[in-house]
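From first to last, the protein sequence lines stand for chains L and X.
In terms of my numbering, the first sequence has 265 at position 265, counting the first letter as 1, and numbering is strictly consecutive.
In terms of my numbering, the second sequence has 240 at position 240, counting the first letter as 1, and numbering is strictly consecutive.
Derived by calculation from the structure, the hints in this document are not laboratory data.
It cannot be assumed that every hint is accurate.
[Claimed, not checked] Pulled from the structure, derived: some chain X residues nowhere near chain L, Cβ distances all over 10 Å:
| no. | residue |
| --- | --- |
| 1 | Leu89 |
| 2 | Ile113 |
| 3 | Ala147 |
| 4 | Ala168 |
| 5 | Thr178 |
| 6 | Val240 |
| 7 | Ile253 |
| 8 | Leu269 |
[Stated by the list, open to error] Example chain X residues on the side facing chain L (calculated, C-beta under 7 Å, incomplete):
| no. | residue |
| --- | --- |
| 9 | Thr121 |
| 10 | Asn204 |
| 11 | Val209 |
| 12 | Ile213 |
| 13 | Ala274 |
| 14 | Ala278 |
Keep in mind that this is a model prediction, so the values were computed, not measured.
Just so it is clear, CB atoms sit at the ideal spot from N, CA and C, and this is done for glycine as well.
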Amino acid sequence: MKITRIAGTVLALACLGAVPAGAQVQSKSVAVTAIVEHPALDAVRDGVRDELAEQGWKPGDTLRFDYQSAQGNPGTAVQIARQFVGQAPDVIVPISTPSAQAVVSAARDIPVVFTAVTDPLGAQLVRDLEKPGRNVTGLSDLSPVADHLALIREIMPDARRLGFPYNPGEPNSVTLLELVKKLAPEHGFSIVEAPATRSADVQGAARGLVGRVDAVYMPTDNTIVSALEALLIVGAQNKLPVFTADTDSVQRGAVATVGFNYYQVGRQTGQIVARVLKGENPGDIPVTSAEGTDLYVNPKAAAAMGITIPDAVVARASKVVGQ
Amino acid sequence: MSAVAFLGAAELGLVFALVALGVFLSFRVLDFPDLTVDGSFPLGAAVTATLIVAGWNPWLATGAAMAAGALAGIVTATLNVRCRILHLLASILTMIALFSVNLRIMGRPNVAIITQDTVLTPFYGLGLSDAVLRPLFVLVVVAAVVALLARFLNSEFGLAMRATGVNARMARAQGVSTDLHIYAGMALSNALVALAGALFAQTNGFADVTSGIGTIVIGLAAVIVGETVMRSRVILWALVGCVVGSILYRIAIQVALNADFIGLQASDLNLVTALLVAGALILPRLRNPLRAGRQEPGTQGTAR
Numbered sequence: 001m002k003i004t005r006i007a008g009t010v011l012a013l014a015c016l017g018a019v020p021a022g023a024q025v026q027s028k029s030v031a032v033t034a035i036v037e038h039p040a041l042d043a044v045r046d047g048v049r050d051e052l053a054e055q056g057w058k059p060g061d062t063l064r065f066d067y068q069s070a071q072g073n074p075g076t077a078v079q080i081a082r083q084f085v086g087q088a089p090d091v092i093v094p095i096s097t098p099s100a101q102a103v104v105s106a107a108r109d110i111p112v113v114f115t116a117v118t119d120p121l122g123a124q125l126v127r128d129l130e131k132p133g134r135n136v137t138g139l140s141d142l143s144p145v146a147d148h149l150a151l152i153r154e155i156m157p158d159a160r161r162l163g164f165p166y167n168p169g170e171p172n173s174v175t176l177l178e179l180v181k182k183l184a185p186e187h188g189f190s191i192v193e194a195p196a197t198r199s200a201d202v203q204g205a206a207r208g209l210v211g212r213v214d215a216v217y218m219p220t221d222n223t224i225v226s227a228l229e230a231l232l233i234v235g236a237q238n239k240l241p242v243f244t245a246d247t248d249s250v251q252r253g254a255v256a257t258v259g260f261n262y263y264q265v266g267r268q269t270g271q272i273v274a275r276v277l278k279g280e281n282p283g284d285i286p287v288t289s290a291e292g293t294d295l296y297v298n299p300k301a302a303a304a305m306g307i308t309i310p311d312a313v314v315a316r317a318s319k320v321v322g323q
Numbered sequence: 001m002s003a004v005a006f007l008g009a010a011e012l013g014l015v016f017a018l019v020a021l022g023v024f025l026s027f028r029v030l031d032f033p034d035l036t037v038d039g040s041f042p043l044g045a046a047v048t049a050t051l052i053v054a055g056w057n058p059w060l061a062t063g064a065a066m067a068a069g070a071l072a073g074i075v076t077a078t079l080n081v082r083c084r085i086l087h088l089l090a091s092i093l094t095m096i097a098l099f100s101v102n103l104r105i106m107g108r109p110n111v112a113i114i115t116q117d118t119v120l121t122p123f124y125g126l127g128l129s130d131a132v133l134r135p136l137f138v139l140v141v142v143a144a145v146v147a148l149l150a151r152f153l154n155s156e157f158g159l160a161m162r163a164t165g166v167n168a169r170m171a172r173a174q175g176v177s178t179d180l181h182i183y184a185g186m187a188l189s190n191a192l193v194a195l196a197g198a199l200f201a202q203t204n205g206f207a208d209v210t211s212g213i214g215t216i217v218i219g220l221a222a223v224i225v226g227e228t229v230m231r232s233r234v235i236l237w238a239l240v241g242c243v244v245g246s247i248l249y250r251i252a253i254q255v256a257l258n259a260d261f262i263g264l265q266a267s268d269l270n271l272v273t274a275l276l277v278a279g280a281l282i283l284p285r286l287r288n289p290l291r292a293g294r295q296e297p298g299t300q301g302t303a304r
């Protein structure tokens with residue numbers, strides 16, 4: 001009974017496999033892994049999948065799309081990397097720095113397209129951004145920090161001090177902190193750090209900024225983004241405007257940002273993956289930076305946090321949340 | 001499961017076997033539940049990676065990592081023995097402090113050594129594939145550690161350490177300095193955990209400050225699974241049990257990673273792993289119902 005059922009399933013699966021794939025597009029396999037699951041990284045994954053589907057590789061049809069999350073544990077990330085190398089897919093797509101390092105050190109021949117890594121050189125994923133060489137290329141998600149600071153200046157002409165909540169344990173955020181500290185004086189800001197090593201600490205870190213800063217600038221930090229609501233509540237209760245670096249967070253209730261959303265980062269990554277699937281050598285594709293100059297504003301959130309966004313800014317926004 | 005994935009699981013299991021041996025030493029031999037390991041594992045990785053980037057010989061860097069781990073163990077032991085802080089709390093304090101210490105050591109949360117020379121570099125040219133060479137290398141290290149540890153625990157000093165864990169008052173009455181043995185045991189335990197961190201960094205090309213999360217759980221699971229599959233009062237076999245338990249734990253994760261065909265998602269990984277380990281612990285009882293009612297030797301610590 002049981003055996004017949006299993007045999008039936010196997011037969012059914014075999015039949016599915018035998019269905020002729022799309023005329024021009026051959027079957028390919030792409031394996032994606034992220035260090036942890038949260039909205040931004042999940043959006044990257046979905047972006048990659050949708051871009052590949054649009055380019056003709058449909059998941060479950062002409063594309064085998066595997067996804068594994070390390071659930072926050074670099075040890076598991078390493079094991080996932082080894083598993084993927086064993087499966088030998090056409091491309092491995094690691095999302096975030098530790099996952100990318102685990103995959104790059106395990107895969108010598110399989111093409112790797114990393115994404116959502118802020119500093120690929122510092123992480124030793126490639127030796128040269130223009131000419132990566134070997135089997136690795138990818139996409140850097142370094143925020144346009146200068147654009148962010150200019151936007152905050154435009155919306156809040158009198159602001160002087162900016163709070164910067166971040167997790168000192170995240171490489172991306174530390175790179176961004178160094179960058180924002182370097183650029184802040186040019187825009188007339190001073191930076192007040194608010195470290196939070198766990199998402200449970202975010203609210204405390206945000207409260208610590210009340211009275212000490214004029215606005216909060218949240219980087220693309222996994223820990224802070226996961227606990228964004230805690231930050232937004234403190235902002236609304238204390239009339240402390242919260243600016244972010246990613247557009248998703250504006251939709252969740254932050255004031256404004258100019259930049260990319262992580263779904264678009266995924267789509268851009270998918271374009272590179274598609275080039276590799278079509279036969280290009282990853283080592284010949286330069287590491288690109290995430291693009292996107294989408295201006296997202298949230299006037300309702302701004303009002304709750306005690307400011308008004310100038311009409312000129314709202315007029316040129318690509319998305320006004322709530323309209 | 002592909003051969004590469006299996007060898008990867010075995011390699012990681014062997015690296016974490018050093019954690020299991022450290023946990024065995026603190027938890028089973030000294031009866032000291034020690035959460036320091038969540039900090040001393042990334043400490044080992046941090047020290048090794050930082051020193052390798054600074055141009056140190058990888059072997060020296062690994063030695064320095066072990067020394068740093070030993071120091072962390074001594075801090076926990078001091079908090080417990082001298083300051084009379086409950087062992088669990090003492091180790092949590094050290095663990096939390098080590099997060100900041102590790103950030104200080106590395107200067108940032110993640111140090112890459114993908115392109116640097118490691119202890120494995122000289123062996124890469126031998127013609128073996130990476131997937132085979134790395135587990136083989138770690139196996140040699142683990143075998144040496146097991147042999148030395150078995151010898152140590154059967155020495156007079158080691159026997160006194162075991163007596164300290166079983167009955168401290170009795171040991172003191174016999175003239176054993178229990179404080180000294182707690183210091184030494186905790187130092188040795190965390191040195192082994194730091195060695196695991198050092199090897200983890202070198203086999204995978206990076207040290208990350210978050211890599212310690214859950215180390216104690218992995219170590220304990222390996223020790224207990226090991227005790228379940230290898231019931232022995234002989235210390236050498238108890239140690240081998242830790243190694244086997246650690247590899248079995250990694251294979252359980254590997255199976256969980258491949259469990260998507262029964263409708264499981266990536267986010268179910270930890271749950272599936274926990275169920276597999278729980279299954280491994282329950283199965284021996286079901287197999288022999290006559291023994292089920294009796295006290296399992298494993299639950300009391302076989303190798304004291």
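query = So which of the earlier hints does this model not fit?
reply = The structure conflicts with hints 2, 7, 8, 9, 13 and 14, although it agrees with all the remaining ones.
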